[in-house]
Amino acid sequence: MRAFDELRKLEMFFKEETKRGCSVIDLYELVQHAGNILPRLYLLCTVGSVYIRSKEAPAKDVLKDLVEMCRGIQHPVRGLFLRSYLSQVSRDKLPDIGSEYEGDADTVIDAVEFVLQNFTEMNKLWVRMQHQGPVREKEKREKERSELRDLVGKNLHVLSQIEGVDLDLYRDTVLPRVLEQIVNCKDEIAQYYLMDCIIQVFPDEYHLQTLETLLGACPQLQPIVDIKTVLSQLMDRLSNYAASSAEVLPEFLQVEAFAKLSNAIGKVIEAQVDMPAFGSIGLYVSLLTFTLRVHPDRLDYVDQVLGACVKKLSGKAKLEDSKGTKQIVALLSAPLEKYNDIGIALKLSNYPRVMDHLDSATNKVMAVVIIQSIMKNNTRISTADKVEALFELIKGLIKDLDGAPVDELDEEDFKEEQNSVARLIHMLHNDDPEEMLKIICSVRKHILSGGPKRLAFTVPPLIFSALKLVRRLQGQDGDLDGEEMSATPKKIFQLLHQTIEALLSVPAPELALRLYLQCAEAANDCDIEPVAYEFFTQAFILYEEEVADSKAQVTAIHLIIGTLQRMNVFGVENRDTLTHKATGYSAKLLKKPDQCRAVYACSHLFWVDDQDGIKDGERVLLCLKRALRIANAAQQMANVTRGSSGPVTLFVEILNKYLYFFEKGNAQVTTAAIQGLVELITTEMQSDTTTQDPSADAFFSSTLRYIQFQKQKGGAMGEKYEPIKV
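Per this note's numbering, the very first residue in the sequence shown carries number 745; after that it's consecutive.
Think of the hints as simulated: they come from the structure by calculation, not from any bench. Bear in mind that the values here come from a model prediction, so they are computed numbers and not experimental data. Hints may contain errors.
Stated by the list, open to error - The calculated DSBU-like cross-link candidates involving lysine-lysine, where the alpha carbons are at most 30 angstroms apart (straight line), are: (1) K898 <-> K882; (2) K753 <-> K808; (3) K1457 <-> K1408; (4) K1336 <-> K1408; (5) K1359 <-> K1408.
Input sequences plus hints: build the corresponding full structure.
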């Protein structure tokens, strides 16, 4: 750079000399007498620049002379710098259209000819560097070459800046000559760099109109050239060009850009036998990106690209290398990102076939990507056929694929995957009950094939989806107007029963019990007593046979009591049977406090607040008294085992139940009973053996405050509370 700056000063000096009367032609002759060839040619270029500027000879003649003379230097590095200097000094003196050095009619051709000749010679010198010196210094030479490559590339930039290079000249002269040089040099570094240069420096519309010529050179390049990147960059540029304005889209259709690119990629993949899988898939990813940006409405093009990829992958084992699988994930994700609608991906016949080539781990990743896309765009999948196609796509999450390693499952990942499937099930919806039932049956078929470990995650959303449908059909029992309907609550309840039974293979009895109770409640709302009774029976059988853990039993019995209390479909006999069972199980719990709480909860089964609900005051009182007896027994046991009788919390809880039923108008709960209980608690709390518990004390104080508040409030309630002394 510094040498070139000094030569600029020398050029200024020569210019001054010509102004003083020294003939530029003489100077041009004079410098040719310099002894050494390298300084001689630098001087000649410098004077040549002044010579052209003086206009004493046509620019094209001087330039031709200079470019020919420079052949005198055949040392690669020196030759490159010399020609680079020539290119630099002549850049503003080319006989271009509108330039002051413009000559006769063919003037642009001369300018182009000069640059092309200089480019050709420079490329030859640059390639020659590769073959000089010992083999062991190959890496060093390649590093030097990559540092000098811009010297060669600048020529193409100069060509692109020449005003007179229009599309015709580019198509007929510039591109064929440049490509000829690239193909013939047979050097992978030069081929890759120069192809990249062409794509970067010339305008997009030129590329579009000369696509065939440009792509025709690709299969002729050396097998190890990274043609994938070159083509990807070309397609990126073209798709950006298409995105820049809608007016250029007809040009793409006119030149059949998609067909040409698709054809070229096929030929390149055939020509480069050793191209790794990720390379060829990478090409298809770029082609797909191009297609989605230029022809988003042409799904057949998108499917064609996927089909070509399937063809390339067929006959090979599933992809194992991470680069290849990443490319396939990119290929499959592109349509999802573009259309934001899984429905469109489901229309592509080759989409699932590409997925089949992924190993099981990546197949799962892709399935999660599909589900996330559905969630993000809130896509509703509304037909059974679409559901079938979708579950075929995400089968990696639904069941173990053949040959998938079973033991390498990370528990957290597995949960996350199955939860995403559960979320997906809620996105399947159709307003037509018939179609919705088909969807539910389709999902059921798929998830039941997934093995026991998945069912705990996937059965609940399916059950709730079906219950949602049941609620929509409420009141439609049997056929309507003689027309046979397949989507009836009874039919759905049968399906639900069979589906929940599958959970017993997991085993997940607590979950199954909860779902049975949910179904019983839905059957109650639909007013189908036999179905509701059957679900309750199943829940009790599960409780008896499967729920062994004492904590789980406590939770289960409270759920059963809570659900049963809300039931209004049962006749007297059925209700009595179930209530009797519930109270019986409550009294058989392991720990006394648990027994006590379950028994007093049962009191609600005999007093339902609805208009026509059951109100059996005696049996309520029986439950509460029984709870008191159990609480007493608990105190005594604590006395025997620990020497202190434990806190009075249970008594305070029972007192609250007494107050509840007292307020609700249960005549069996008298003020005397409440008074007695208050005194009992007060006595117990003052006893030496009672363990002090601040929370129990606070609970009791709040209860007493409540009684006081009701007394002071006056009115009917105040009168009721008046006899109670606190």
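Enumerated hints in conflict with the structure, sorted upward: none
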